[in-house]
Structure formats: structure tokens, C-alpha cells
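Protein chains in written order, with the working numbering: chain A, 94 to 439; chain B, 94 to 439; chain C, 94 to 439; chain D, 94 to 439.
Hint data in this document are derived by calculation from the structure and do not stem from the laboratory.
Cβ atoms here follow ideal geometry from the backbone N, Cα and C, with glycine treated the same way.
Accuracy of the hints is not assured; some may be wrong.
[Stated by the list, open to error] Simulated DEER-style distance windows between Cβ atoms:
id, chain 1, residue 1, chain 2, residue 2, range
1, B, P120, D, H208, 51 to 57 Å
2, B, H433, C, E95, 18 to 24 Å
3, C, E95, B, P120, 17 to 23 Å
4, C, Q283, B, H433, 52 to 58 Å
5, D, G317, A, Q283, 54 to 60 Å
6, C, K363, B, S131, 47 to 53 Å
7, A, S131, B, D394, 34 to 40 Å
8, A, S131, D, G361, 30 to 36 Å
9, B, E139, D, Q176, 49 to 55 Å
Protein chains: 4
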Amino acid sequence: METIKVGIIGATGYAGVELIRLLLGHPKAKITALCSVSFEGKPISEIYPALYQINDDILVDEDTVIDQCDVVFASVPHGVSEQLAVKCLSKGKLLIDLGADFRLHEEQDYQQWYHGSYQHPEAHAHAIYSIPEITGDAVKSAQVIANPGCYPTSIAIGLAPALKNGLISKKGIVIDSKSGVTGAGRGLTQNTHYPECNEAFAPYKVGTHRHTPEIEQMLSELAGEKLTVTFVPHLLPVNRGIVSTIYADLAKEISAQEIHQIYQQMYGKKQFVRVLKLGDIPNLKNVRYSNYCDVGIFVDDRAKKLIVVSAIDNMVKGAAGQAIQNMNLKCGMDEDCGLHLVPPAI
Amino acid sequence: METIKVGIIGATGYAGVELIRLLLGHPKAKITALCSVSFEGKPISEIYPALYQINDDILVDEDTVIDQCDVVFASVPHGVSEQLAVKCLSKGKLLIDLGADFRLHEEQDYQQWYHGSYQHPEAHAHAIYSIPEITGDAVKSAQVIANPGCYPTSIAIGLAPALKNGLISKKGIVIDSKSGVTGAGRGLTQNTHYPECNEAFAPYKVGTHRHTPEIEQMLSELAGEKLTVTFVPHLLPVNRGIVSTIYADLAKEISAQEIHQIYQQMYGKKQFVRVLKLGDIPNLKNVRYSNYCDVGIFVDDRAKKLIVVSAIDNMVKGAAGQAIQNMNLKCGMDEDCGLHLVPPAI
Amino acid sequence: METIKVGIIGATGYAGVELIRLLLGHPKAKITALCSVSFEGKPISEIYPALYQINDDILVDEDTVIDQCDVVFASVPHGVSEQLAVKCLSKGKLLIDLGADFRLHEEQDYQQWYHGSYQHPEAHAHAIYSIPEITGDAVKSAQVIANPGCYPTSIAIGLAPALKNGLISKKGIVIDSKSGVTGAGRGLTQNTHYPECNEAFAPYKVGTHRHTPEIEQMLSELAGEKLTVTFVPHLLPVNRGIVSTIYADLAKEISAQEIHQIYQQMYGKKQFVRVLKLGDIPNLKNVRYSNYCDVGIFVDDRAKKLIVVSAIDNMVKGAAGQAIQNMNLKCGMDEDCGLHLVPPAI
Amino acid sequence: METIKVGIIGATGYAGVELIRLLLGHPKAKITALCSVSFEGKPISEIYPALYQINDDILVDEDTVIDQCDVVFASVPHGVSEQLAVKCLSKGKLLIDLGADFRLHEEQDYQQWYHGSYQHPEAHAHAIYSIPEITGDAVKSAQVIANPGCYPTSIAIGLAPALKNGLISKKGIVIDSKSGVTGAGRGLTQNTHYPECNEAFAPYKVGTHRHTPEIEQMLSELAGEKLTVTFVPHLLPVNRGIVSTIYADLAKEISAQEIHQIYQQMYGKKQFVRVLKLGDIPNLKNVRYSNYCDVGIFVDDRAKKLIVVSAIDNMVKGAAGQAIQNMNLKCGMDEDCGLHLVPPAI
């Protein structure tokens, strides 16, 4: 197969620059054009000196990216991707959107949580939401790929086998997630100013985070009925990683061993999901810089609850890595092409 | 009132050295003797150079402490305090135990979770478990004070008004706690080795932490009936602080405003509990190095759940500070004597 | 003595809020008015929730502070303090300036390094630069106190005995300093954005930092002749603290023991300078949150160099603590009043 | 070329597990056997769960490694590698030693700094010390490769062009280095216990670090005469990375531009050394997880000093990466084979 020309719109955001890191190691994709509204005309390596002498491409405008590339990754503020999709569709380019514009099936969910409406409803018909380990090959029919959010990825993978197999009650699911600070992006805020973020820890957007409808949409599909969850994200003083600790009432008498076996049946052959041995606990340090999602299974016999712990790198499996995984699938390459990333042990 | 002579057994542990820091600023207590089994004969400031020229006391044995002091703080491994209590009782000294030996009312709970049995059951009759904001003046009749654990303190304060006032269901309470690394103590482990603890995050002892029976004991008393909780602690890469995010089903239709008012009724006059304004979120950075417990109230209307977030400094309100608060109450001083600790904003 | 009414202009900056923390524990000073240009009309505790229910004062304008207070602390951008001094002088109020406006004796130094000129030269005649351990009682004659910079404090204390006693060459002194991030202030920058500051380390302003003339001015006075140093600051991924590692050629054959003795002669009775035992190494963790400066002495026999290591908390001895120490001296109180701050061992 | 069978003795140390991470991505090397004295019989992924399902090899003894592999990497305590060399030499296997046993040319240096003597002097005749950017192809004649220490690598690369071209005085060089905590290894110590290492910073082994003779040996070769340096390492609260700030007196009038040009002449074609543009400052965050050494050049005109700042990842260019680079050179592969590691921007 030939090399695919790829470009990134929003290349100087954190997901954008992580895409660059991963694509530089992809044997069948070639970074062809990078766009940044804020830094157009400058080399990317001036914004990120880590890339000096590795990629010194000059940042261009979005049309150049779309024109020169076969695959366009977009990591831009919500509300911006729709018109990118229209352009890409008209030119027959694949758009992989790392933002929220195409994730929600129902426009009313988008209206409720993002306070905007669809400007190009027709574009949505071509979009597919894809967590490959769950949605499988669906992505192959996409012209626009809605790449999932970081929290939803960690949660959906954590709960899918339990929901699909009716192991847990659909009511009262509690999701307590903790994310590293890169999840908040490159933009400066007081909360992410080093002296106020270091040696600090707190939840944020308690019960009101915009990933909630995306989480509920995916879990409802898995459950076969509409469900509602309680989701509380927390800001963790580390750069990367999400740990989601998920609590659900068991729907029946079942042992941890049996649940573990069901998880292994679903994920045993999925390269990027590691169902840990019973008793082993996921730690975000073990998945950092890689595309793995580690899953741990626990049963609280006293309270008859299933506790699932999942860990991902929010920038990789939660963003750039999964986007490349989706590209690979859509473009007929091996799912893991360019994604053999070994998490550093230390 | 005269100055009280105080001593510490286990002075070189983290709770011990935090007691030293706080007692050095206590106007009515004088550090008189410090014991450490591991470092006897050395000055405390050799172990902790932060204390150099501030307190260079030579570490002595436990009997010297008991003999020379009116009040003995003990921060020692579980199973060791019982005999200290016997000695203190025989000599009319007040023992304030920061360990687990006297926290559980039922010996069978101790046996189940600590795998040991009481060697001196008679000593337990003189012990009072005291979280002053909840148990009030009960401590005044104590001869041995069972100082609460860090997690239980953060949780009991967070849930007391809700449980006492029947706002929440007694079933299915989920407690997701995150603690700084000082909670694991001074002893070296691979998990707390800097390169493996930094940029890492994970739960530990999922559903099996020894603070569980203490939490359930206190909450059951508040609820007026025996209850069971799901408790999952996590290790947070910060030095100090605990945030507990607590989820409970609402027992009735009630607004966040009404709940907030009930919390304020209970804690409005308690100096060390700050019920935050509705919408404000506790962050452990705001209580570090102080005796405060910050409490935030949230209602998830969609799932009909109360979410309480509480934050303490595990070494102060979760250990040394509360121990001094208990001493103050027991000894007839102002509850906040020596505890006017302003949390550094940065 | 009566209580002194103190106020802070620039109360929401990091030095300002640290002044609040320390002054809240000062037995003879009462915080009377707090000014912030950016947040006037809001309670300080809204900006810094750590202060909630401890100090909820509403932020006012600078004239109110000057009118209501006996002593005015100013922590404002350079160029702003001069007119504050004029106002304070005219109303007989003591100004303690934590900024750079009054630190340099020669206006040409100010012009060269700060690119501005003095608007009120007459005010400078009333200003005294004071590091009490070095400049002694000079501050007592001040009407405006020029509170030293953080780096200069750590360096001057580290070198004073060596320079005063002619132990080292005045040429070729190399100062390699490392500062925590609070030194960069509350303002947001990409460099201090958590994900870019965490797990990072680099020098900055190599050979061009504005503290250089202040350092050289103080060291030249100590040496009795004008000298030039090489000064390179580094940004350290911790909140607080400065370590300065200072290298100088020995001017004569002298042992570490003899040098140590000379340091002890100068600092033995100074409460806030701790000359460590030979072989012991200053660590910023041992001085955090306190007014101490720890000093360690080393001789490199092979290269005939003196190596001095000094550690301070940049927010305390390097800013707010030293400002209060200066106030105490000027106002006839004990030098250490309100400054009995025990550095937490952990 | 065929795939090379490689093994690691000391696989569970930090350098060992980093070798595994890098070798897993090497297209022409295959990890064939891993040895650990402490964990023999266990899978490596039990010690480092980051490797779970990636490499679950069972740890074996050292003889198995030597027998089964063409190239043996050893990362073991000093004093152990000599006998490994003897075994490898007798069996015609290449030993790449990441420890200190073969780094010093003069046994008396080893005796002085390591307090031991050579047990197998004959083995040393076959050993070559190799920093490829400096020593070039010398490694090709080695049967034992002495892989350099982390500090010496960062320092030698930083000073080589200046020393070779006589730009600086050979006297009075001051090297102030700061290293992340992985440099201290996997072994537990109080200094690297998270609560004592976090929010801390200090020098250690002031003027007495064992890398000093290795530094002086390399610099003396570059200078063409024996020289002595002042070397002070510091422990930095980050996982990875070394920044060395190096101060030397200029030997003649020369501009920063000219020096920069000389550095570029030496390193312009070296893939792993990036001489930054004048004014740009190396930061360890820009080289983490990669084999790059970033070098920044500064001239202090006032003090007539050259200031060189170099940054490496101590685990990669300072250990495992350079070891693989040496293997590549020795074995006739491209120098950068398997080392196309892009440092993550965040």
C-alpha cells in the first residue's frame, strides 16, 4: 500500500502535537501539512522545541491542509469542525475529528450540553463514532470519523462487557474519573498555573461535564436502553493519564472470576485492551505514552457492587492514538500500524 | 492554666513529626520528651533537619516519655498501643492514640480487619473515639483517646448531616477517596519510591482497606442503624491531603439549597469545618497544613444523588491536628488552642 | 506596645497573599486594609479560597490602605512603588516595598536593567535596603524599606562572611540558582502552565536576570570594592524555595573547618540563619514555609574553591517573611515577632 | 543483515527496563534473554506491569543470557561486570557495560573513587569507552564497550568543541548538574521516598561524586592535558533528565556567534546532538524519552565566561539509548537504528 498523506488542523494544540509525535513513527503515513490559526507562518518546532530538527514544517492554513492531504485530523474548538467536514466531504478527503461536533447522535443533546445547534446537519449523516474495541468495523463506512472523548473512551471500555452481558444494573452507575492536566489543553488558566495546580487536587464540573451525554449515549447503546450516569471528573496533578473508577450494582450473583472471564472473552484478542489478572490494579503510569487501556475487575461482595478500574493515556488512547487507530481501520491498514508504543516503565 | 507537659511515642513517624510542628506553636503545651525505637539516642533534628536549632531533643525510650509527661501521644504500628494504654492508665497519664488499637468498638471487627485480638480488653473501656465536630464533648470522659483515622475523618464529617437528618439512603453509599503519599508513612516501599509514585495514580486495597470498619462504625452510629459502604482509596502524587468524593442516593425530594442549609446548621459554629458556598468545590490545596475540613454539597438531579466532596490535610485534621484538638477539649482548653493554622494559598 | 495597623497593596499577588498568611499570625500587627487593582470590591477569599472564613476582607483601593494603616506593604510591578512612597512619606506612613523600585542605589543601574528612570528621586533618599542579618539596624532610620529580592537574599547571606573576611577572590564568582515557580508570580505564562512546567527544568535569562545588579551591589559592599558575578537562575518544578550553589576561588589556604567557624561567628546568634554542620547539605524542603536561610559550606580542595549552598523559601525569607522581619526591627518589636514558623518536615 | 540476539543482565534495574523499552522497537535486534538476580523465575512484566502482554519473558540467570545472545548489555553494580567481561570474551560475545567497571583508564582512579581494584586487568585491554559524537568509530574495535555515565555524557558533549578548539581555560571549570530521580536507580532510600523527594531540591555528594574522574578523563583527552573540574550534582524532583550548566573562562576574545559556529561544525551532522539557535535554552522536557542531547551556548561578556547548557534524558542518551547507539556502530548498523525516538512535547 502507498503512503497516506496526512495533515493536522489545530496542530499546535496538545492533541495536535501528540498526533505529530505518533505520525512521525507511522510507517505508512506522511505528515504533509500542519495548520495553526494562531501560529501560521511559523515552524511548529518554534512552538514546540521538542520537535526541533525532527519536524520544522511551517504552519499553514486549513485549506492548504485539506488540499494537500488524503486524511485530515482536526483538533479544534467545538463548533469549528462542521465546516471542515463540509469542505472535506466536497473534496473527498477523510476527516478525523478529535472534537465534539460529530460525537452526539441527537442534535438536542448537543444543544443542551454545548449550547449551539448544527449548522450543517447533512454532514452528520456521514459521520461514524468509533471506539474500535466496541464499535468494531463500523468506522469503515465513515467519511467523517467522530473520534471519542478521553473520559468516554476510558469508561465505555471499562463497562462494555458488563453492560452487554447484563451483569450490572443500568441504574445508579457512578463514575469517578481523574485526569491529568494535558486534558485541559494548552490554553492558560489559573487552575492549571503550576503553583496552583501542583500539590492540589479537586473535582470539577461536578455532574455537569460535557462528556456526560457522550458517555450516556455509548453506555445506552451497550445496555440496549437509555441510561443515566453520575459522572464526576477530577483534575490530577500529573501530565497524562485518566483513571476511571466505576461503581455499579451487580444485577445477579456472579463471582469476580466469572466476570473476569467475560471481560477476557470480549477483549482477549484486542491488542490495546489489557484485562489485568484478578487482583492487579490499573495504574496510569503503566499506559502513559501508549495506546493501551488497562482494565481491572473487582467485586465488593459486602455491597454487591462491581468496581471496574480503567486507565488510559488521555493523549493517546484518549485522543491521538485512537484517531490513528481509526485511520488505520478505515484505510485498510493493520489496526496497530504505527501504534507499537511501549509505555515506559519509569 | 498551667502548661501541659506533652510527649510523643513514635516521634519520628510522619504523624509524630507533624505533632512536633504543631505543638511547637501551642501556647499551653510543652514538648517534654520524644521517643523513637529506631533512633533512640539521636537528636530528632538529625532525622528531620527541618527541625535543626528548633528542636534538637534527644530521642528517649517510651517509659521516659510516660514518666515525664502529662499527655502522651502515640503514633505507633497497630498492636503496640494497648500496652502503652495500660502503662498510662496505671500512672494517670492521658494517652492519645493516633493508631487503630482503640478505634473499633467491637473486638471482632479488629480481629477481622487487623488479624489480631485484644491483649488488654480492660483498657478499651476507658477509650473514647472522638471527632469533636460529631462526637462533641464525649472525649472529656476519656482516659484514652482513640484519635480517628484520616479517611474516616474526611468521610464522617462529609456525611454526618445527611445521615443524621435522613437525607440519604443508607444503602449503596460509594466513597471514592484520594490521599497524598504522607498517608502511607515514612516506611520505604516500591510504590512510594519517587520515580514510581510521581506521574502515577491508581487505587489500592480496593474494597479491602482497614479503615472500612471504622468508617462503617461511625456512619452506622450517625444513621442509627448498621450500614455497609463501598470504599476505594487512591494514592495521589502529592505530599498531603485527602479528597473524598461521596455518592449517596437521596432519600427524598430535596434541593441542594435545603441540604446546604442543614449542613450549615450542623457546622456553622464549628471552627474547623467550612461548608463552602453552593457551587464552590473543595480542593486539598486550600486546607493543606491546616486543621480545616472543607465540605462541598452537590445534587445530581438526573440520578437523584447527593454528592459530597470533603477535603482535609491528612496529617493535620486527619492526624496530628485533630489529636491536639482532642487534647484541648479533654484538658479544658479552647478547642482551637494552638491550631490557628492558616493554609498557605500557594 | 500597641497593635500596628498594616495594609497590603497588591494583596492578590503571591507575595501579597503570603504576607496575609504570616500577618494573620503576628501578635502585634492587625491586617486593616487590602488593596488589589484587579479585584477591587471582591473579598480576598474569593480569589484565594484557602482564606475562606479566615479573612474575607473586601479588597479596596490604594488610598484607603494608606489612609487606614500605619505600615503599608507594597508588592506591585516595578515602577509603581515610587508614587506610593511619595504618598506614604507625605502622610507619615511606613512603606515596605517588596518590589525593585528602591533596591538599587544608582539610578543608572535601574535604567540599565529596568529600562526606566526615577520619577521621584527625592523619595529614594529615605529608602534603606535591608537584609537584617547583614545590614543590621540600618533599617531603623528608614521611612521607606527596600525589601530585598529573593535571589539576592539567598546569595548575600551565603557569601557575606566569605567576602567580609577576604576568604575568596572577588573575581569569577559563579552563582547557579534554582527557584520554585511561585517566584514567577501569579500571572499566567506558557512556561508556568502545568503540563509544560511539570517534569521540566531549564535555566532562564542566562546572564541577564534583573536581580544581577542588586546581587552585585550587595556583594560589592561586602567586598569593599566593585565586583561582577556570573548569575544563572533556573526554574525548578516545585512551588517554593530557592537553592543557590555558589562557587568562588579561595583567596588563601584555609580549611573548611576554619571557614565554618567564621560563618558561625557571623551567624551564630542570628535566629534565621542556620549554618549547618560541616557535611550537612541545605535542602529547600527544610526551610519551606519558614523564614530560615540554611547555609552549607564545602571546600573543593582539588580546585581550591569554596562552594556555598544556601536555601530559603522564596516567599518567606525571600519576600513576605523578611518584609515582616524588617517591619519588626523598624517598629521596635522583637525581630522574630510573628515569625516563629516551623518548616514542616514533610 | 540478520537480526541480532540481545540480552540484558540486570534487566529489572531502571537502565535495564529502559533497554527493554528501546530494544522492543529496534528493527534488527531481538530480546532473547533477560537476567535478574533478585527476580529470577518471575516474568519481567510482574516487576514492571507496563510491559504486561508486551514482554512477559521469564527472568533467567546470567549464564543463560551469555549463552543465548550475541550482544549482552549489563547494568549491574560496579565490581560485577569484570567477570561478565571475562565470560563474554571467552565465548566471543559482545559485552556492553552500562556500569563503571570499564570506564576509567587508570586503575588508580578506580581505586581512589570506587575503593576497589581490578580483578581481571586483562579484560580492560579489550574495552573501549565510547561517546560516539566524540570518540567516533573507536568503538568498532571494542570487544567490551564501556558505556559512559549520564553526567559525563551531558558534560563531555557540552564542552568538547570548546576544549578541542582551545576556546576556554582549562582551569577553574565549574559544572553544576541537575538530575532526575531515576538516576538514583530502583533501590529504595529515604532521599527518594516520595514525600521527602517531592517539593525538595538539594545538591548531593558535593565535590565527591564518582563520575568526577570519568568527567576529568574525557575532558582531559579533549583538552590535550590533564585538568581538574569542580562538579556538583543536584537531585531534581522529576523522573528523567539531566541539565548541566557549565561555566568556563574564555581563553580569548570570541563572540557567541563564533562559538556557536564552532559547535555547529562539530555537531551539525551528528543526529543526536542539537545545537540550539543562539538565545534558545535547553530544557530537559524537550529531550525526555529520546536520545537527543540539546546544547545551548551563552557568553557572559561582563565576566568573560562561556556558559554551556546541555540537556539529555539520563535513561536514554545517558544510559540505554547510547548503549544501543554503541551497539549499532559496533555491529555495522546505522547509528540511529531503533533510536528514532520523538521526545513528547507534553
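> Among all the numbered hints in the text so far, which are the ones the structure does not match?
Replying inline: Hints 4, 6 and 9 are the ones this structure does not satisfy, whereas the remaining hints hold.
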